[in-house]
Amino acid sequence: MTDERTIISAVTSFRMTQNVFVFAGWLVFVLLLLLPTVCIAADKSVAVLLSREIAPYVSMVKGLEAGLGRKPVQRFFLDKQGQPFTLGGPELSLKPELFSALVAVGPEALAHLLLNNNSVPLFYGMVLNPQNLLTKSPTEPCGVALNIPITVQFSELRKQLPGIRRLGILFDPANNQLWFEEAATIAASMALELVPLQVLGNRGGLELVGDFNRPEALMFIPDKSIISRAVIQYVIKQAVRQRVPVVGYNQFFLDSGAALAFVIDYEQVGAQVAALVENALVDQGCLHIDAPAFELRRNPEVWQALGMAGRWGNE
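First residue of the sequence shown? That's 139 in the numbering used here, and the numbers climb one at a time after it.
Hint data in this document are derived by calculation from the structure and do not stem from the laboratory.
A few of these clues could be false.
Unchecked claim - As a list, the in silico PhoX-like pairs of lysine-lysine whose alpha-carbon atoms are at most 20 Å apart:
{"no.": "1", "residue 1": "LYS182", "residue 2": "LYS209"}
{"no.": "2", "residue 1": "LYS209", "residue 2": "LYS233"}
{"no.": "3", "residue 1": "LYS218", "residue 2": "LYS182"}
These numbers were taken from a predicted model, which means no experiment stands behind them.
With these hints in hand, go ahead and build the complete structure from the sequences.
So this is what it looks like as structure tokens:
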């Protein structure tokens with residue numbers, strides 16, 4: 139009887155062991171079938187579409203590629219007809235399903251990808267006022283806008299000009315009236331009065347309207363009506379003559395005699411977008427980035443010439 143039980147137990151144990159090996163074999167087989175798919179997904183590159191091949195966009199992409207590390211990146215550009223092409227060869231095409239993520243660099247690239255993608259994670263950078271494009275999009279891509287929040291601008295400005303009370307804003311009401319109204323409310327909460335200095339189109343030229351004697355400093359904001367080098371340099375020159383510091387929003391203003399300028403670090407913006415891509419691809423959602431990487435820079439020579447040290451309590 140004991141021998142019979144021993145035999146039955148041995149047979150049962152053998153069958154269980156056999157089943158384990160069969161299951162393990164099937165598991166290995168399934169994993170081998172899935173492995174090519176997993177490798178393909180891991181090897182998918184990130185497609186980057188540049189609106190144009192200009193220095194700021196290229197700097198941004200350089201930072202993006204550095205931030206993504208070993209993850210492959212394929213660059214595409216928009217041609218004059220608004221169609222993407224790449225220098226990597228005619229066999230490469232911007233088909234969203236071939237990539238793990240899409241990154242738009244500039245507004246034209248974002249507009250194109252919003253119309254031609256509905257399945258792959260979409261990111262953007264180097265876009266001013268992206269909400270103007272996103273209102274028509276069924277999905278909201280993740281990105282870094284070029285806009286520096288108003289509160290951040292005034293807070294940084296106060297660090298450089300701590301005692302300033304009246305700040306003149308140069309803008310075209312047709313483009314930035316709503317911005318000015320919002321900014322005026324925020325400034326009032328910070329004990330700062332904004333003086334509107336309007337730039338109006340007049341018979342093919344520009345007319346400056348406002349009390350230019352009231353502001354203690356002048357500030358340019360991005361405005362498509364105020365892009366003429368001659369106009370910008372004229373305003374800066376007149377302000378300097380009256381010992382009024384001017385605040386701009388890129389290196390050109392500093393080179394033209396502005397005392398201060400908000401200068402965006404395009405390469406660091408690329409690194410910020412890379413962080414968004416990395417985070418989203420591991421299912422962590424969209425990180426919130428308040429402002430693009432920037433610095434409020436001084437023009438030391440102009441600062442000294444205007445006698446800024448000691449004015450309004452600044453150094």
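Status of the hints after comparison with the structure:
1. With a CA separation close to 8 Å, the supplied pair LYS182 and LYS209 stays within the 20 Å bound.
2. Between the alpha carbons of LYS209 and LYS233 the distance comes to roughly 18 Å, so the proposed pair stays at or under 20 Å and holds.
3. With a C-alpha separation of about 28 Å, the suggested pair LYS218 and LYS182 falls outside the 20 Å cut-off, and the hint is violated.
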